[in-house]
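Student: These are the residues of each chain, in order.
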Amino acid sequence: MNALAEGLGALADPYIGVCLVIGVLLGSLVGAVPGVTATMAVALAAGFTLTLDPLPGLAVLLSIYVAAQFGDRVPSILINTPGTPASIATTFDGYPMAKQGKAGIALTSSALVSAIGSLTGILILVFLAQPLAGFALQFGPIELFCLVVFGLTMMVGVSGGRIVKGLGAGLFGLLLGVVGRDPITGDQRFTLGFDELASGVPFIAAIIGLFGIAEVTNQLVSARPGRVPQPISQLGRWWPNRAETRSLVKPTMIGCAVGSVVGVVPAAGGDIAGVVAWDQARRTSQTPERFGKGALEGVAAPDSASCATMGGSLTTTLAVGVPGDSVMAVMLGSMVVWGLQPGPALFVTNPDLVYSLAGLMTLATLLALALALMRMRGVIKLLALPPRYLAVVVVTFCMVGTFAVQNSVFDVALMWVFGLLGLLMRRFGFPPGPLVLGLILGPLAESNLRRALLIDGGDALFSSPIGMTLIALSLLAVTVQPLRSSMKGRRSRERTPTPVV
Amino acid sequence: MSPRISVRPAGAGGTGGPPVEPTGPDAAVPGNAVDGHLDAEARVPYGRARDLLVAAVVAGCGVLTLAGSRGLPTGGDDGSLGPDWWPTVLGLGLLLAAGGIAAAGLLHRAVPDDESVTRHGLLQLGGLAALVICYGSAWQYFHFVPVTFVFVAALTAVLGSRGVHALVVFPAVIVGLTYGIFGLLLRVPL
Chain A
1 MNALAEGLGA LADPYIGVCL VIGVLLGSLV GAVPGVTATM AVALAAGFTL
51 TLDPLPGLAV LLSIYVAAQF GDRVPSILIN TPGTPASIAT TFDGYPMAKQ
101 GKAGIALTSS ALVSAIGSLT GILILVFLAQ PLAGFALQFG PIELFCLVVF
151 GLTMMVGVSG GRIVKGLGAG LFGLLLGVVG RDPITGDQRF TLGFDELASG
201 VPFIAAIIGL FGIAEVTNQL VSARPGRVPQ PISQLGRWWP NRAETRSLVK
251 PTMIGCAVGS VVGVVPAAGG DIAGVVAWDQ ARRTSQTPER FGKGALEGVA
301 APDSASCATM GGSLTTTLAV GVPGDSVMAV MLGSMVVWGL QPGPALFVTN
351 PDLVYSLAGL MTLATLLALA LALMRMRGVI KLLALPPRYL AVVVVTFCMV
401 GTFAVQNSVF DVALMWVFGL LGLLMRRFGF PPGPLVLGLI LGPLAESNLR
451 RALLIDGGDA LFSSPIGMTL IALSLLAVTV QPLRSSMKGR RSRERTPTPV
501 V
Chain B
1 MSPRISVRPA GAGGTGGPPV EPTGPDAAVP GNAVDGHLDA EARVPYGRAR
51 DLLVAAVVAG CGVLTLAGSR GLPTGGDDGS LGPDWWPTVL GLGLLLAAGG
101 IAAAGLLHRA VPDDESVTRH GLLQLGGLAA LVICYGSAWQ YFHFVPVTFV
151 FVAALTAVLG SRGVHALVVF PAVIVGLTYG IFGLLLRVPL
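Chains A and B, in that order, give the protein sequences.
Residues in the first sequence are numbered from 1 upward in steps of one, following UniProt numbering.
Residues in the second sequence are numbered from 1 upward in steps of one, following UniProt numbering.
These are calculated hints, taken from the structure and not from any lab test.
All clues given are correct.
Stretch by stretch, here's where chain A covers chain B in the computed footprint (C-beta under 8 angstroms, at least three residues):
1. 114 to 123
2. 131 to 145
3. 158 to 169
Just so you know, even glycine gets a beta-carbon here, dropped at the ideal spot from N, CA and C.
Turn these sequences into a full structure, and let the hints guide you.
Tutor: Structure representation (structure tokens):
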């Protein structure tokens, strides 16, 4: 109890409040700009915060981390371009909602469920950090491989009605994940002589091209002279009604659960959690056919999940000393410089710090939520911009944002290559979702399987209860849903009376 | 450029949303009613040759992958998997997928999700591509601010806007925003 009081009492300093506000403003801004990730913003800020005391410094870094998760939903919903990889799954239903004139309700619901997800993650940090960290430590290469296999089963879900083409796109994504150095031997593979590809296909350039540039060019190629495009003028309601609020409960719970679990697993972040949660919410929905067409539940699940990962990532970082995601890797470095050594001993030597961090994240979440709700009407005006101006804004920000990631013109060129690839995929009926999933999960699948086989040989899978459970869940995932759909279709056909000719 | 609100079904607009017929809520999408082209075009399925061409391209990717993986080191004598095995598996997978796509194309004729490509649209895309190449080249030699101003103004003009407001004020605002965020705030060496 003393540690709790001391930890929260340390936050009473107004200076901490100023740091939080600065961090939230910065995080919201960088999250909303495609190409600028929370990792990049935290890394840049770390250069300045090292001159501060640990708590104010951590206040800035954590609030950037939290607020970026709220800001990145905005471009995903309004222009189909994820602000950061964590909001990839938000585009699945958020953008269709905006096109249906429901951008207001999508943004409001997204902010609310993001806050719930973030607070859930914080509760996990406070109450379950040590046991969960112990669970995360049981994840060796084979368990991670099985987790990735489970993730790959989602290709069927995100393929929609075009499973064969979706699987083809997924395989192509897995193939793109091969590009770069071999994870075990370091041999160069499929780099085509470009040094820039030695560390793999730049992920940010790929997703900005596949979503943002492909969307703009797709609309461009079917333009007709003399026809003046109409901007979206129906923004719809801002607050969900009672029925919509009820519909948010289940996907948000699924998102929180998925995000909490994925968050504690090292190297798995909000991007994976968002896609997993979207697919799980679709599978368990009474109306899965609405997903991908503008379902509010399809926004709630991924947004709550990616925010819930934050608490899980911080849990792993503090309790194990292993960064839960890339932002935490940067933060871990700062903590070490400040003389704070994350690990199991931290909960014994500095328990007040754990409560201080949980308090900081809670305050940052509430501030980010307030800012997100206040700025809605200003942000939504982006939609009222004449579409030809909006296209120029998207193209310019995508290019500069992609350049900013590694200060590389090559990345910008690659973004255009992916943009044209995305355009061709849409025109030929290939969903881009499975490609992104393959690109995220491919390197994890290959490296972990090969490591597991090197360490434990061919029996690796059968000796892991967690791995076997995950493989069983994967098999269920690919068989149950199609069977359910098939039975549902048969029942509805049986109910439909045969027309009399 | 005329980036109207796409009349494509919303599901296909998102990342992985299922491409579907433009019915239900999409009927109310602003732009659908205004344009009204897709409904007429959507009833005309593509020819089977289109999907066979796609299958051939996917098969080509598979063959290239298999050929490329032959040049990679193989696994060791201890039975460990080498750098070549994963690309080989994926190459074979792509060949299987190509077969599936061809079969699906023969059994079901695909229906267009989007409005058809127009000559005007292709010209605008060509203009955009030329501008991007010029912009990328000029950026190497000149400062970000003037080059981006010219790029934004030229792109706005290519997309059909005219007047001082569109070609001077709008580019100035965009350049100011991008330079402020990236150059000053994030200290990106633009």
